[in-house]
Amino acid sequence: MLRLEKTKENRSDILSLFGEVDASNSVILDEAIQELVASGTKSLIIDGKNLEYISSAGLGVFMSYLEDFQDQEISMKICELTPRVFEVFRILGLDQLIPIYPDRAAAFAE
Amino acid sequence: MVKLPSIHIGKLSVLLAILVWLALLFVDLVRLFGIINEMDSGISDEITWILEILFFFTLYGFYNYSVGKNIQGDFVNLLWRAASTGIFATGIALITELFYISMGDSKLATEPFLKNFFYHVNFALTAIFLISSALLWKHLILYQKNKKVVQQWQTFEFAMLLAMFFVFFNKNNFDYSFLFAMVILFAIIIVLSGNLKWIPYLTFKEKWKSLLFLFLMLVCTGYLFKRLLAYGEAEIYQVNLTDNLFLMALFMFIFTYALFSFLVTLFNLPTSSVFEQKLTEAINFQRLSQSIQPDDDEEQVLDILLDSCMSASYSDGAWIEINPEGQIEGINQLRFLDEATKEELSELIKTQKSAIGWASTDQPEMLQPLLVRLEHPRYESTLLIPLVINKVAIGRMVLCKEVRDGFNKEMVNIISTFVRQACIAVENHRLLNQAIQNERYQEELKIAQRVQKALLPAKLDHPDEFDICAFSNAADEVGGDYYDTYKLDENRYVLIIGDVSGKGTSAAFHMAQMKGVFQSLIQLNLSPAQFMIKANSALGKCLERNHFITASIFLINIAEQKICHSRAGHVPTLLYKAKEAKSDYLFSDGLGLGILRNKQYENHVQEETFAYESGDILVLITDGIVEAKNQKGQQFGFERIKSLVEIHHDKSPKEIQNQLIDSLHVFVGGDGMIEDDYSMMVVKFQNSVAQTNQ
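As given, the protein sequences belong to chains E and A, one line each in that order.
With the working numbering, letter number 102 in the first sequence gets 102, and the count goes up by one each step, no holes.
Counting the second sequence from 1 gives a position; the working numbering is that position plus 110.
Since the hints were made in silico from the structure, they are not lab data.
Here the structure is a predicted model, which is why all the values come from computation and not from measurement.
Where a beta carbon is used, it is the ideal one built from N, C-alpha and C, also for glycine.
Some clues are possibly wrong.
Examples of chain E residues lying across from chain A (beta carbon under 7 Å, computed) [to be verified]:
id, residue
1, 24
2, 27
3, 28
4, 60
5, 64
6, 96
7, 98
Listed below are the simulated DSSO-like cross-link pairs for lysine-lysine, each with C-alpha atoms no more than 30 Å apart in a straight line [said to hold, decoys possible]:
id, chain 1, residue 1, chain 2, residue 2
8, E, 42, A, 739
9, A, 739, E, 49
10, A, 644, A, 689
11, E, 49, A, 281
12, E, 77, A, 179
13, A, 281, A, 225
14, E, 42, A, 752
15, A, 460, A, 257
16, A, 258, A, 179
17, A, 709, A, 556
Beta-carbon label-pair distances, calculated as ranges [claimed, not checked]:
id, chain 1, residue 1, chain 2, residue 2, range
18, A, 775, E, 3, 55 to 63 Å
19, E, 8, A, 466, 31 to 39 Å
20, E, 8, A, 545, 48 to 56 Å
21, A, 743, E, 5, 19 to 27 Å
22, E, 1, A, 775, 23 to 31 Å
Could you put the whole structure together from the sequences, leaning on the hints where they help?
Here you go:
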């Protein structure tokens, strides 16, 4: 089960994830990010406070935007990941490519 | 041995009948000779009676045999057989009568022997006619028999048997006992004659024919009866053969049943078309309910449906419309209407308020047939019937009649039933096709599974210095996990494990690509870091945008007892150190293949070299094992693997692997499913010195 919530804070679009991202619902996450890109966002913060699990298919969604965001100068940050989910990002090496912050305030501070 | 020829019952009984009749004739003529010459011939009446009864029996035997053999439900044929026998007997009787009339008072006309001879001929023919007809009637009476009817018939046969011997008791006198017996037999005959179930099954034309034949039978029976009565009154025939209760009762039976049949058939004539209609409906219904064969098309069913409904309602025109989403292509069902008239009528229907509401309902399965009156010069009433398959209205059938309010409740009912049946047939046909399609897909997947299994190595390359085993399981039919070994030279071996993001068919294709890339690169003798860089650039070109691959590579040098390792975002490998009796995950920095598809990737690759000793264990895994969840949602996790390996470190790789898999299944729970592909490779280093010493 995956639930998404879109909010705006400090001129950043915040996408909060609740539940789990796996192969069956990674498309929903992809569509949500696409919508935000289409709406012209320049700063995107993914809030992972309530994200319990992310599979490789979910990671594939973030990965697929890396180059696009670089070209379009959109910043994508991730904050407040649970240790378990953070571990998944770290093993894959995505933490080297996407800045990950312990909380939202730190994400804004950058 | 002499083989007896098989007895032919038919021929035998005919022969017997003829012999008995000749004997009867002879006896009577001898008696007559005696009387004329005033001599006592010594032949009593009883002999005649016995021969007469014998004659009846042989006739009964013959006809019972031949009727039972030749009649197969064709009632008109059966009636014709009875009638033709009657006509023949009547014809002979008429000729005899004419002969005597033309003779006038000549000597020949008064010749008693000749008269007696003709009397016997007429008697025989009449008996043949009566007995054969009675047996044909039996066939009609017992059509669609039940126990009651059979009992009635048996009672009648028994009574007739008694009537045959009544002559011994009664001495051929017309007295009260004779009358009494007649009344009883007549009662039985009336009851029997109520069994006329065969008549409704005649078609209109057959009924007319039957009426003709029955009429002929009535005439013949009447005439022959009159003739026999005339014989009975004449004194010249010494022993009366015909004033016999058996024959009289047979006359009664043949006549009564023919009369009943005649009247019932006559009164059935006007309603016979209804019965025929119902029969056609039943046959149509059966045709519709026979499920369509997988190769047939649905149009055929709709074809039958339209024809059945038209004949059931006497419609003057009809068509079937299929909605665009109805999934039946190229259907053009029009009956007795041209395209222009159909359009005209469609437009007229559209103007009707009830039809508009009817067409726009959102619950098609509740839709009832709709009757509409039209202001059309020719077609004044129409009936709209929805075609609902699987709760979706795929179209409608329109029936038109030239009369106002031409559809009654019965028609609407039967048409609704037809439509439902046809829709079920179409639905079943679709389900069947779907099932066949699914089976084909299953078959394809099985092939894919087999092909993919073959992509994993059947035999793992390894020297005596280390023992190795591996295992892989896909969550679906096919998966995205991969492992392999490669022998570079006598001292250097490569181990690889890889995992494609996602699972299922797409992952399986990428896994095949991964194998191709790895197998090519491995031969280039690259360092682990260089291997990953090249693999990234090769796979970056062929992976889908949101797919990546994680991999770990180990280059084992058994001469130096060293391992060079690089990790591309893959789940860290567990290394058990025998000397320290503890294990750790090899967590070097690294990025999954295909994530960065440019030169920048090189900045994210690391290479580590470490020494190993005998008893050390490497456990290569994929994330399916780490992330396997139990019913509480907890993951199997790194720690469990670690402690299990530490506990079982002294066992062989195969045992350690089995231990891990068993624990994993126990953890996940009896019927729990591991949602991802999972694989592992276990390597245990051995003391090569110790082995050489063995």
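Status of the hints after comparison with the structure:
1. Interface restraint check: residue 24/E against chain A, minimum CB-CB distance 10 Å, threshold 7 Å, status violated.
2. Evaluation of the residue 27/E hint against chain A yields a violated restraint, the C-beta minimum of about 10 Å exceeding 7 Å.
3. Because the beta carbon of residue 28/E sits about 13 Å from the nearest beta carbon in chain A, more than 7 Å, this interface hint is broken.
4. The beta carbon of residue 60/E comes within 4 Å of a beta carbon in chain A, closer than 7 Å, and the hint placing it at the interface holds.
5. A cut of 7 Å between beta carbons decides the hint on residue 64/E: the least distance to chain A is about 4 Å, and the hint holds.
6. Checking residue 96/E against chain A: minimum C-beta separation of about 6 Å stays under 7 Å; hint holds.
7. A hinted interface residue such as residue 98/E counts as satisfied when its beta carbon comes closer than 7 Å to some beta carbon of chain A; here the least separation is about 10 Å, so the hint is violated.
8. Between residue 42/E and residue 739/A the CA atoms are separated by roughly 37 Å; this puts the pair beyond 30 Å, and the hint is violated.
9. For the proposed pair residue 739/A and residue 49/E, the alpha carbon gap of about 20 Å is at most 30 Å, so the pair holds.
10. For a cut-off of 30 Å, the pair hint linking residue 644/A to residue 689/A is broken: about 36 Å separates their Cα positions.
11. Restraint check for residue 49/E and residue 281/A: the C-alpha separation of about 122 Å exceeds 30 Å, so the hint is violated.
12. The hinted pair formed by residue 77/E and residue 179/A fails the criterion: a straight-line CA distance of about 98 Å is larger than 30 Å.
13. Proposed proximity of residue 281/A and residue 225/A is supported: the alpha carbons are some 23 Å apart, at most 30 Å.
14. With a C-alpha separation of about 44 Å, the suggested pairing of residue 42/E with residue 752/A is violated against the 30 Å cut-off.
15. This hinted pair does not check out: residue 460/A and residue 257/A have alpha carbons roughly 59 Å apart, beyond 30 Å.
16. Between residue 258/A and residue 179/A, the direct Cα distance comes to roughly 24 Å. Compliance with the 30 Å bound is thereby established for this hinted pair.
17. With a C-alpha separation of about 40 Å, the suggested pairing of residue 709/A with residue 556/A is violated against the 30 Å cut-off.
18. The hinted window of 55 to 63 Å between residue 775/A and residue 3/E is violated, with their beta carbons roughly 31 Å apart.
19. At about 48 Å, the CB distance of residue 8/E to residue 466/A disagrees with the hint of 31 to 39 Å.
20. Judged by the Cβ atoms, the range 48 to 56 Å given for residue 8/E and residue 545/A holds: they are separated by roughly 51 Å.
21. The supplied range of 19 to 27 Å is met by residue 743/A and residue 5/E, whose beta-carbon atoms lie about 22 Å from each other.
22. Take residue 1/E and residue 775/A: their Cβ atoms lie about 25 Å apart, and the range 23 to 31 Å holds.
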